[in-house]
Amino acid sequence: MIELIEVTKRFGSETAVDRLSLRVEKGELCALVGTSGCGKSTTLRMINRLIEHSEGEIHLEGRQVREFDEQTLRRRIGYVIQSTGLFPHWTVARNIGLVPRLLRWPAPRIRERVEELMALLGLPVDSFADKYPHQLSGGQAQRVGVARALAADPDILLMDEPFGALDPITRESLQAELRDLQSRLHKTIVFVTHDMDEALGLADRLVVMKAGRIVQQGSPLELLRDPADDFVASMLGGDDRGLKEAALTRVSERMLPLSPRLIARARVPRDATLHQALAVMFREHADRLTVVDEDDMPVGELSLRRLVGARRDE
Amino acid sequence: MSESTFARCPAAWTLWRAPLIWCGLLLALAFGMAALEPLFRAVEPGSRQVIYPHAEFLTLLGRHLLVVGVAALLAVVIGVGAAVLVTRPAGRDFLPLLAQAASMGQTFPPVAVLALAVPVLGFGTWPIIVALLLYGLLPIVRNTLAGLQGIDPSVLEAARGMGMGGVPQLLQVELPLAAPVILAGIRTSVTINIATAALGATVGASNLGAPIISGIVNGNTAYVLQGAALIGLLALTVDSAFERCQRLLGRHGR
Numbered sequence: 001m002i003e004l005i006e007v008t009k010r011f012g013s014e015t016a017v018d019r020l021s022l023r024v025e026k027g028e029l030c031a032l033v034g035t036s037g038c039g040k041s042t043t044l045r046m047i048n049r050l051i052e053h054s055e056g057e058i059h060l061e062g063r064q065v066r067e068f069d070e071q072t073l074r075r076r077i078g079y080v081i082q083s084t085g086l087f088p089h090w091t092v093a094r095n096i097g098l099v100p101r102l103l104r105w106p107a108p109r110i111r112e113r114v115e116e117l118m119a120l121l122g123l124p125v126d127s128f129a130d131k132y133p134h135q136l137s138g139g140q141a142q143r144v145g146v147a148r149a150l151a152a153d154p155d156i157l158l159m160d161e162p163f164g165a166l167d168p169i170t171r172e173s174l175q176a177e178l179r180d181l182q183s184r185l186h187k188t189i190v191f192v193t194h195d196m197d198e199a200l201g202l203a204d205r206l207v208v209m210k211a212g213r214i215v216q217q218g219s220p221l222e223l224l225r226d227p228a229d230d231f232v233a234s235m236l237g238g239d240d241r242g243l244k245e246a247a248l249t250r251v252s253e254r255m256l257p258l259s260p261r262l263i264a265r266a267r268v269p270r271d272a273t274l275h276q277a278l279a280v281m282f283r284e285h286a287d288r289l290t291v292v293d294e295d296d297m298p299v300g301e302l303s304l305r306r307l308v309g310a311r312r313d314e
Numbered sequence: 001m002s003e004s005t006f007a008r009c010p011a012a013w014t015l016w017r018a019p020l021i022w023c024g025l026l027l028a029l030a031f032g033m034a035a036l037e038p039l040f041r042a043v044e045p046g047s048r049q050v051i052y053p054h055a056e057f058l059t060l061l062g063r064h065l066l067v068v069g070v071a072a073l074l075a076v077v078i079g080v081g082a083a084v085l086v087t088r089p090a091g092r093d094f095l096p097l098l099a100q101a102a103s104m105g106q107t108f109p110p111v112a113v114l115a116l117a118v119p120v121l122g123f124g125t126w127p128i129i130v131a132l133l134l135y136g137l138l139p140i141v142r143n144t145l146a147g148l149q150g151i152d153p154s155v156l157e158a159a160r161g162m163g164m165g166g167v168p169q170l171l172q173v174e175l176p177l178a179a180p181v182i183l184a185g186i187r188t189s190v191t192i193n194i195a196t197a198a199l200g201a202t203v204g205a206s207n208l209g210a211p212i213i214s215g216i217v218n219g220n221t222a223y224v225l226q227g228a229a230l231i232g233l234l235a236l237t238v239d240s241a242f243e244r245c246q247r248l249l250g251r252h253g254r
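So the protein sequences, as listed, match chains A and B. Here the first sequence is numbered in UniProt numbering, starting from 1 and rising by one per residue. Here the second sequence is numbered in UniProt numbering, starting from 1 and rising by one per residue.
Isolated chain B, as found in the complex (with noise of 0.2 Å):
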């Protein structure tokens, strides 16, 4: 007993350890790549130049993340927003419906959507946040919608027994219930979405995916493992922190 109590409330430096220590090496690698210049050196003997020179790490690593984030951002709010409504009595036809979009985004391949976006949204960060968008809605809306039906019915049918109104009953019972089922759909999003959010590079948006697109059209195998260890270790941060809250918030779920 007293041990599954301690092993739910790790002190917090325990609990932060992985996020911190992997977001540590992502800022000493942004801000330090040129000290490894040897090492790129010895990957890549024959050119010239081997760390990416047209833009600081540091920039590139604060696009990624802006990208990513707005997406992410408008991902959660449509698609928990949308989870949320077809689960009301009067949204409720619009269920399958909703399912069956959110499960074709998926099928769409982000260049697809990329190619697509271009000629309506133009060059730049824009077409790769719908992008990001469209491919992050699925795991969002799919995990919402499970969270939410997975709520044992006796607890719905008591809050409304108890007189409970609907909108309290969303806020204070069903989505504190479903947070850890969506919040392992937004983790998923958003990984997914970091490594996705490369292909930016590919239609002119300037981010960590930029040194591995010039590498690859270089030929500069340094400048692709530079744009590659940095995406991974910006999902290393992401995903281990998203793991940490999930830890917290399933505390007293069952």
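Just chain A, same shape as in the assembly (with noise of 0.2 Å):
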């Protein structure tokens, strides 16, 4: 658990973050997403005390992040920031290893968790671990950074933009790899982008600053359908963002038992999003879909009204 109590940080006579209060629950994906400038790297890395606060209380587990000596705060959490920041010099084990090391773990031990970590992200370590950063892609070297914080398993991890440098396809499949990773680690996760769509897909609680405020928290769903002013709403893409809630929300959540009526051609899977099925019908120019679940079996369907939240589906 993270807590942010007035915490505001100046630079000079600059103002960068002003009076902001953050409260990230135990296992929690928080993603703090703004224009640049907007004070969100600031506060991350107070987090961390890269950057120490000006006034104001960052509490840490019930203890104030002052309290710790700095090199042990910063073991205890895992840091990954967009350009990796892995050592050139050093080996992709030799980096994973690196704040096992540091934490004088026993060296058979600190091979098994890299080896652990490795496999983890899909990194086979009869190829990967003997490898140089610079053999690696983009979105390899991401993983490397991501298995390097989590190394010495940490509660907390703080991500600077991590796919803000890869490509749109490498980026999505990353994402869907931290969501995948999140569901099983648990981890209480502060989360950096100016991707509102990454952000709209991976956080549990969105907090969109604003000059190094806070204008508006909560989560994906709850911005969507009720953002605070002009600015959330355009954060969130204008009139756009009712695709995005589309995009939030399965087919199984509005669709209706199969009806008596002829059955549409047109199918969409259970599990996808109503911005799938949107986009489907748009296609077929259909109307109405037929849900089918994995097997392709038809379990109910799906009509233009119904998706749309109209009132009666008549």
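Please keep in mind that the hints were generated in silico from the structure rather than gathered at the bench. Each residue gets a CB set at the ideal place from its N, CA and C atoms; glycine is no exception. Please note: incorrect hints may appear among the correct ones.
Examples of chain A residues lying across from chain B (beta carbon under 7 Å, computed) [to be verified]:
1) 65
2) 68
3) 71
4) 75
5) 87
6) 262
7) 263
Assemble the dimeric complex from its two separately framed chains, guided by the hints.
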């Protein structure tokens, strides 16, 4: 659990973060979103004290971060940055084992942990352990970055635009992997990004920042349905935010049981999003879809009226 | 892929061939200079003595190496040490000062340093070591600064963010990453100083400069050639050895 209370950071006369209060619950992924220079990275870096805050209190599991020894604190917090920051003269295995080595784990335990993490992140030990960072693709390097951050099994993970430098396809697959990892590991994650789609897709709690302050926070759906002001609305994509909401809702949440009416020809999987269902309707020129399960068996139907959430389905 | 891996790890002999050949030639010449007497006789037919007689070439070579080595060692310790200090948070204020001081060191001609050092340190080996030290500092300081400042900031950010302390970060990350650039500076410094050390003979230091100075004073070209050839071979040996070390060090850097 991380708690920031009235935290302010000034650089000279400039106020980067202004009386910010934020609570990130255990096991929650909290995304800080905002335009460049809104103080989101500064906020993140104050948590592991790469930047010292000027005023206010930052608590980590009930203790102020200032009470910790800097290095002890950082070794307990995983840290992932956009440009990976892998040590170019160290092999992948050595890079991943950095924090356990700083913590003086015995060598066999480090080796075991490194292999475990490489397996977890889809990096076959045989082909990657002895590679150097310059031999990796961007996506592989960032996987190593994430593995390094997880090495000493920290409860907290700070991620500063971790996928910002990757191509869209690699980015999406790493986002999916992070979602998958998080569903198994339940870390407390603070995730900085300026990519709203990334934030919407990953976050349990979305925090929109502007000029060092929080404009609005809540679950992605709460923000999409009820943005506090025009800034939040435009950050969420303006009129497009309806589609983004559709992308966060599953077909199974809106479908109705199969009716005795003629079964619709166009089909959509049950676990597709409403956004995908809408695309299928558009493509098939249909206003009604048959919802199918994993084995392609019809399990329900979805009409356009039902999809858009019109009051009654008639 | 496999080809470039091969190119990075050549067999020891292939790697060290050039320095070993130069070293062999150097030692052969230092031992067997007398055997070349007919050649030098042809160069200097008017002189009675054509092989420098006052000391063994091997002794001169040893003293030459000693002077350059001591100066290089001091220059590395002082130069790298100073550059490391001014790139730490505590010493950052002195960074511009050090960069300027090192630049000024090289605008000073070594002869002038010798002239100034003799009244203080007397004749002999010490003035030349001081001159070489001052003269050799700049490339080392400049390259150490460039090497340390050229490290990808995200690497340092990661090192700090992972909870590495200042000293482990310096020893395990910064110096290894800056090493190829630092080594290039040491190489420049040492190679220049192998030639510059010959000036020591003018203030009474006995090294490979002695035959050259003696040859110039007595009008004996053979002496000059003997000193110059040995200095040239020594410079080639050391320079190519450094080049190999750089190649070994630079394997994984970018």
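Hint by hint, here is what the structure shows:
no.	hint	verdict
1	65	violated (13 Å)
2	68	violated (10 Å)
3	71	holds (4 Å)
4	75	holds (4 Å)
5	87	holds (6 Å)
6	262	violated (59 Å)
7	263	violated (55 Å)
In summary, the structure is inconsistent with hints 1, 2, 6, 7 from the numbered list given earlier, while agreeing with the others.
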